[in-house]
Amino acid sequence: MSMVAEAPLKNAVPTDQELIDFVVREARLIDQQRFDEWLDLYADDAYYWMPLEWNQTDPRLTCSLMYEDKLLLSIRVERLKGARTFSQKPKSRCHHVLQTPQVDSRDAAANSYVTWTPMHYVETRLEEQTLYAAWATHHLSVENGKLKIKLKRVDLINCDAAFGNIQLFM
Amino acid sequence: MPRYAGDAAALRALVRDQEVHRDVYVSEEVFQLEMEHMFPNSWVYVGHDSQVPNAGDYYGTTIGTQPILLVRHTDGTVKVLHNRCPHKGTRITSETCGNTGKFFRCPYHAWSFKTDGSLLAIPLKKGYENTGFEQSHAATGMAPVRHVRNYRGFVFAKINDGGLDFEEFFGESLSSFDNMIDRSPVGQLKVAGGVLRYMHNCNWKMLVENQTDTCHPMVAHESSAGTVVEVWKKAPPGTKKPMAVEIIAPFMSPYEFFENMGIRIWDNGHGHTGVHHSIHSDYSAIPGYFEKMTAAYGEKRAKAILGENRHNTVYFPNIMIKGPIQLLRHFKPIAANKTLVESWTFQLVDAPDMLLERTLMYNRLINAPTSIVGHDDLEMYERAQEGLHSNANEWVNLQRLYSPDEAGQTNVAVNGTSEWPMRHQFRAWTKFMTMGM
Ligand code: FES
Ligand SMILES: [Fe+2]
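Protein sequences, first through last, are from chains F and U.
The first sequence: position 146 = 146 (this note's numbering), numbered continuously.
Just add 1000 to wherever you are in the second sequence, counting from 1, and you've got this note's numbering.
Careful: at least some of the hints might be erroneous.
[Said to hold, decoys possible] Which residues of chain F face chain U? A few of them, derived with a C-beta cut under 7 Å, are:
hint	residue
1	Arg-60
2	Thr-62
3	Met-66
4	Gly-82
5	Phe-86
6	Phe-163
7	Gly-164
8	Asn-165
[Claimed, not checked] In silico PhoX-like links for lysine-lysine, alpha-carbon gap of 20 Å or less:
hint	chain 1	residue 1	chain 2	residue 2
9	F	Lys-70	U	Lys-1240
10	U	Lys-1233	F	Lys-81
11	U	Lys-1088	U	Lys-1126
Honestly, the hints are just simulated from the structure, not real lab data.
Don't be surprised by glycine CBs; every beta carbon is placed ideally from N, CA and C.
Here chain F stands alone, though its shape is the one from the complex:
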C-alpha cells in the first residue's frame, strides 16, 4: 500500500513512461480502494465517461452509463464510505488487468496527452464475480508539475448489454 499516489514529473513535459506509469497507478488506486487519492488524480473540470453506445461521439444527447463531473464522482466516493450504503454491505472489490498503455498522442504545446489501454476488469461482491472487457482512453494534462486526468473514457466491449450492478470504477 506504500505506493505514492501522485508522483511529480521530472521535467515540464512528461515522458511516455511517465504517462504509462500514471495510468497504471490510477488503476492500482482503484483496486486498493484508495478513492480519495484516486479522485485527486482528476482535474477540477474532469469528466469520467462510460458510453452506452458503440463508437459513441456525443455524451449530451445520447445516453451514457456514466458521464460524471468531479462533483458526481466525489458523491460516489463519499457514498462508498456511508454507514447506510446498504448495497455496499458487504463491500464490492475490484481488480484491473491492464495491457501496457499506448501513448496515442502527445502535444506539449497544447498540454494534452492521450493514452489507450485495453483492460479486463473484475468486480466482485459476495458470491458474484463479473468480468468486463474494456478500453480506457485517458486524456491527460500537466497541472503544477503533476499529471491530471481531464477525461477518462471507458468503452466496454459489450456497452449495450444488460448489466447487473456496476458499483466501483473501471
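With chain F fixed as given, assemble chain U with the ligands onto it according to the hints.
What follows is chain U with the ligands alone, placed relative to chain F:
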C-alpha cells in the same frame, strides 16, 4: 407438484385485502401462469411508433416472455407479429431493430412473409402440393397479434381475444400519456438517446410496486440522495445548483412532502403518484421552452400542461411513465426471480435540446446499472427475493392506509404514502390472471 394451474380459487387466495402471498413473487409456477394468462389477457406495452418510422422498419421485443416484432407495414400502419417462423420456429430477425424492406425472409429455409405476417413464398413450393398444406398452421404465416392499438404513438397489444377493449382497460389513466405527449409544442414524441438495460435478480412486480412506494426514498436512498445533499451543502455560497443536484436531492424530501403529494387510483391497476406536486416540480426552467409552448397552445393551456407534475404513472401490468421527464420504464419479466428493466427516453419534438439532455441525465443518474440510486433499490429487491424464502411468515404486508371500502373506487386521490396502488395492482392481477379460467 402443481399447486395453481387451472385453479382460479387457489390463485385468488394468494391475494387478500391487505396482504399477498409470497408465491406471487417466488413461485416459478405462478410466474408461468402469469405468462400464460395474465399477460395475454392484458394490454401490454410493445414500443413507440417512432422506433419504426418507415415501411419495413421493425423492432423486436417481448410480451411477457414471448418474442414479438413491432413492424411498420407497407400501408403505413404498425403491426405486431409473433417473432417465430411458422416452419420450425426460428426467430426471423437478426438484429433488435432494422429495416427488412418489403418482406421478412427466414434465414433457415428462406420462407418469406409480407410485413403483415402473411406468407409470401416458399422455395420449392411444389413439395407441399397435395399435402394439405393450405390447411396447416404454417400456411397462415407469421402469426399477428390481433389486438393492437397505437395510442398517439404508444403501441399496445393484447394477445388473447377475451378481456377488455383498450378504452375500458385504460380508462382515464391515458391522461398521463396525454400530458407527456402534449409537452411537445407539436404534440409529438420521438424515442431518443438510447435505452438503458439493467438486469434485476428479483420478481418484476417488486419493481412495479416500487414505482408508487413513497415511503422508501428517504430511507433506501439516504446513501445516494442523502450524500448528494451533504456534499452540496459544502459548495461555496452562491454556486449555481447543477442539474444533477436538482434531480437527485428531492429524493430526500421528508415524509410530509410525499404524504401531501397525493396518489391517484384508476381502474385495472393503473395509478400515479404526484397529484399535487412531486420531486419533479422544482426544476429550473429551460430557456425558450415556455415561449414555444405558449405559441403553440396559448398561455393558459401551456400553463395547465406544464403545471401537471405527475411523478410516476404505473400502467398495469409492467410499465411506468414520467411525464415531466419524458421517460418510460419497461419491466420485462424473465423468470420469477429475474427481470430486465429497460428505461426509454423521449425527445419532445420541436422543444429545446436541453430537455432531452435533462431527460438523459435523469435516466443515467437514476436508472442505469451504474446508478447509485439504482444500486440502492436493487439491493432491497434482492434482499426481499431472498427473505421471502423464510417460512416464518408467508405473507407480504400492503396494509398502509387501508380502508375496507376502497375495492370498488376509481379515479380517487388519496394520501401520497398509501399502499392502495399496490393493493389495487394485485386486485387487477387476480382479475387478469383468472379471467377465462
Ligand atoms: S425455419 Fe424458417 S424457413 Fe424453415
Ligand atoms: Fe427507489
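Evaluated hints:
Taken as an interface hint, Arg-60 of chain F checks out: its beta carbon lies about 5 Å from the nearest beta carbon of chain U, inside 7 Å. Using the Cβ-Cβ criterion of 7 Å, the hint placing Thr-62 of chain F at the interface with chain U is satisfied: the shortest such distance is roughly 6 Å. Taking 7 Å as the C-beta cut-off, the interface hint given for Met-66 of chain F holds, the closest approach to chain U being about 5 Å. At about 5 Å, the closest approach between the beta carbon of Gly-82 of chain F and any beta carbon in chain U falls short of 7 Å, and the interface hint on this residue holds.
Taking 7 Å as the C-beta contact cut-off toward chain U, the hint placing Phe-86 of chain F at the interface holds, the least distance being around 5 Å. Against a cut-off of 7 Å between C-beta atoms, the interface hint on Phe-163 of chain F holds, since the closest Cβ of chain U lies about 4 Å away. This hint holds: Gly-164 of chain F has a C-beta 5 Å from the nearest C-beta of chain U, less than the 7 Å allowed. Nearest Cβ of chain U to the Cβ of Asn-165 of chain F: about 5 Å, under the 7 Å cut. The hint holds.
At roughly 15 Å between alpha-carbon atoms, Lys-70 of chain F and Lys-1240 of chain U fall within 20 Å of each other, so this suggested pair holds. Only pairs whose Cα atoms come within 20 Å are accepted, and Lys-1233 of chain U paired with Lys-81 of chain F is accepted, the gap being roughly 18 Å. Between the alpha carbons of Lys-1088 of chain U and Lys-1126 of chain U the distance comes to roughly 19 Å, so the proposed pair stays at or under 20 Å and holds.
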